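Student: Protein chains in written order, with numbering that gives the first Met the number 0: chain A, 0 to 338; chain B, 0 to 338; chain C, 0 to 338.
Please note that the accuracy of each hint is not assured.
For chains that are exact copies, the list does not tell them apart, and a pair is met inside one copy or across any two.
[To be verified] Derived lysine-lysine pairs resembling BS3-like cross-links, with alpha carbons at most 27 Å apart: (1) K62 to K36; (2) K62 to K286; (3) K316 to K300; (4) K316 to K180; (5) K316 to K36; (6) K316 to K296; (7) K180 to K296; (8) K324 to K296; (9) K286 to K324; (10) K300 to K180; (11) K180 to K62; (12) K286 to K180.
Bear in mind the hints are in silico, worked out from the structure with no lab data behind them. Nothing here was measured: the structure is a model prediction, and the numbers come from that model.
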Amino acid sequence: MNGRVAGDGSVRISSVAGLAQAQAGQISFLANSRYAKFLATTSASAVVVAEPSDCPAVQILVKNPYYAFTQIAVLLHGHRQHAFSGVSSGASIDCSASIGEGTRIQDFVVISQDARIGRRCVLYAGVFIGADAEIGDDCILYPNVVIYDGVRVGHRVIVQANSTIGEDGFGFATEGGVHHKIPHVGRVVLEDDVAIGANCSVQSGVLYDTRVGCGTKTGDSVVIGHGVQVGPGCLLVSQVGIAGSSTLGRYCVLAGQVGIAGHLHIGNNVVVAAKSGVSEDLPDGAKVFGAPAFDMKQALKAYSSIKSLPELRRRLKALELRLAKLESVTTPRDEALQV
Amino acid sequence: MNGRVAGDGSVRISSVAGLAQAQAGQISFLANSRYAKFLATTSASAVVVAEPSDCPAVQILVKNPYYAFTQIAVLLHGHRQHAFSGVSSGASIDCSASIGEGTRIQDFVVISQDARIGRRCVLYAGVFIGADAEIGDDCILYPNVVIYDGVRVGHRVIVQANSTIGEDGFGFATEGGVHHKIPHVGRVVLEDDVAIGANCSVQSGVLYDTRVGCGTKTGDSVVIGHGVQVGPGCLLVSQVGIAGSSTLGRYCVLAGQVGIAGHLHIGNNVVVAAKSGVSEDLPDGAKVFGAPAFDMKQALKAYSSIKSLPELRRRLKALELRLAKLESVTTPRDEALQV
Amino acid sequence: MNGRVAGDGSVRISSVAGLAQAQAGQISFLANSRYAKFLATTSASAVVVAEPSDCPAVQILVKNPYYAFTQIAVLLHGHRQHAFSGVSSGASIDCSASIGEGTRIQDFVVISQDARIGRRCVLYAGVFIGADAEIGDDCILYPNVVIYDGVRVGHRVIVQANSTIGEDGFGFATEGGVHHKIPHVGRVVLEDDVAIGANCSVQSGVLYDTRVGCGTKTGDSVVIGHGVQVGPGCLLVSQVGIAGSSTLGRYCVLAGQVGIAGHLHIGNNVVVAAKSGVSEDLPDGAKVFGAPAFDMKQALKAYSSIKSLPELRRRLKALELRLAKLESVTTPRDEALQV
């Protein structure tokens, strides 16, 4: 971890735990200052921290405690295991489909014609792969994930259960009181190392591909509209929605329940606070909050002022009355001169 | 398309594309003025537009470019194809169910007792049709769509993957600290030409049917509560939620992430801007924004004023100080008279 | 029902209906005063009410009409029936799994190694039960519900279709521009009598179990983040999201589309109005609204004042002009003395 040990470096650690729950033999960490109060009383045998602190446990000092702790958790516990192997005869695999070496396919999976699945993938029960879809190497698709035809999935992509990739989006041309469905000629491209949460929806593009960039991660129930371009390294927290044709740069962070309107251009490294609604283009590095969203620092102050609106109204009314009284009794200068 | 051609009407077109991406041999369109800047430089061979413009491509002039373009996209590309035919022996179909002529049913579909499926339907893998449910003709149910028992689905209805139609809603009577579940005696009725997005939920009614009117379309992750009546021709964008027993008239548009409280009456042709929360009845033609929502024009102005709240507070404070000073130094008229 | 009958107690009732829709032979109820107007004209043969009223139907007077009516609905209609029995040979059940007596399992269900299913459960088609997961007695899992490995489900739990329990949450440590996935060592525990809606997601904990307390109910598309602790008896309405590591006490009510930020402590009996965003700890009994949320009574007043912001700005501007004018013409007292 490239860390420095403060205390007995020979202590034996077998598992990870939170500061408040940890017992002897466990390691914990501090990354969020809300939990700093637990350092002094933790029963953990070791803690990963950024700065030395008054704490009974052995301290491992590192620059990025959450990252170091993540590495330790992988070492001690590994990632989620998959309790099946081989390609089940209970799956329905079209004879024109190709399946890479070492790929595991569970019962009740459907792989449609001309689909291509890479090596060492894990396809859980109920996964559907549409015609001509392509899945890279080392992907994990959890149960009941649906990949529509033509979708392109890169390497090391993880999709949690019940998510839908490549459905037709909300494309209807209204004429004569009828909403006419437009064909979705574009596909969905999930680039390498993308992770999609559970119950998410990523719509196919109408005219060009919807794209989710390398290493971008989403929470659950996220909806990515048709034609949206999400850059690499973005974090889209649960219940975020991005309307059609908008583009996000790289390393944007959209907190929970954020909505991005359609046809917008959002720059790189943009941060949008939870529940915000973005209705206009945002430059690189913008940090915004609100609905409609604007500069986060200003917006936090402005939104917290909503609380005082009734008081402002009262004070304004009082001022109007006082001023009117003053106006009625005041002797203007010219009148005074006439005295 | 009933359009007028400006330019060489003999140019050959093979596919559709966006203005910025189009190449020779492709046709594009302009419906959103944000993209007007691309007209002058597009490489498309033809464009569908409402008004003539400075553009190197052949122009097809029509009243409704998006609709005309939709027709062209259907002609050139057709709608999504389905890579299977017939009724799979790998489906589980109760012997009491009836299946119409030309209907295609993939592996791992379940059709329960007394269910009735119309003609020329397409049921993808993992679709579940409950007992006594009825599906009309020419419907498409994408993988893992769940239709609960008793649901009524009209003709030409499309449901995208992983959506749930007819689950019990949030109906609990609380007594003695226990939330007692109420049976949902009503069903869900999806009328003709309804389209439901991916990962949506439409709850069965408690006392009467939940109904989604003819030609209404929804985005993804939309939730329609128990007993809700949605009129014909409505557009419910992704992540909209409508709480129980509310009614919407015809041709309403609810933008992304809108919430409608329960037991409300929303009129015809109502438009609700994105992220709004509607908490009271709305008359025909209302256009609203905000949470709680009110008149859209007023609300856009009012919400954009939130930004200036800290400044308003400062100005109000300054006024109070200046007025107090003035009050303390001013010679009222009666005192002046005494001078 | 422990009710008092006003009218002919011998009238025969065969089914339930809403006040406005009910016919002879049906019983209805009044719990929401919005519907009181229908009492005078209902065609129901009987109504369950809290207070006597001018109504042509037989009245059953009870303290809690909705609860009494729920009991009647159960008596007359029963809960949802399940149209299959036994354990299907078309399910895929690991030989190490245990299945309790009377449990029904439909086609295309997967039960993984060492999973334990209780007695009298109903597992619909497409349900996936991960390795070492445990389901109590009398549970109902609707089609395509996914239970990840290790999840603990109590007795009498109901999960509606397409919901996901136990997926990995949004846990990524960012280092060197890469978001590194942290293993989720915790599980999900759904205690007895929990009901989960359709298309919901409950994430496994990173360091300790995510827990949903006894008798808590959720609507559809609800997302419960990793490590969240929801107390007993809570009501989480559709599209609610609770970010990681937050805790809710008992009997909290979160209305539709509410978001709770991460790492918060929400007390007992807290009520959060629809669409609110909670960004700080809340004590027992707090009632809040807004984003960020604060005291509900104040917030409803404050948010309704947003409408008048443009008018406040105009009035403030007018005051400033009037005051400036007054300042310019007023003879201060000391100058007046010099006159």
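Student: Give a verdict on every hint.
Tutor: Going through the hints against the structure:
1. K62 to K36: within (20 Å within a copy, 48 Å between copies)
2. K62 to K286: Result: close within a single copy only, 25 Å intra versus 41 Å inter.
3. K316 to K300: Result: close both inside a copy and across copies, 23 Å intra and 16 Å inter.
4. K316 to K180: neither (54 Å within a copy, 51 Å between copies)
5. K316 to K36: neither (47 Å within a copy, 39 Å between copies)
6. K316 to K296: between (29 Å within a copy, 21 Å between copies)
7. K180 to K296: Result: close neither inside a copy nor across copies, 42 Å intra and 30 Å inter.
8. K324 to K296: For K324 and K296, the Cα distance exceeds 27 Å both inside one copy (39 Å) and across copies (33 Å).
9. K286 to K324: Intra 46 Å, inter 41 Å, cutoff 27 Å: neither.
10. K300 to K180: Answer is neither; intra-copy 44 Å and inter-copy 34 Å both fail.
11. K180 to K62: between (53 Å within a copy, 18 Å between copies)
12. K286 to K180: This pair counts as between: shortest inter-copy Cα distance 25 Å, intra-copy 37 Å.
Going through the hint list in order, the structure does not satisfy hints 4, 5, 7, 8, 9 and 10.
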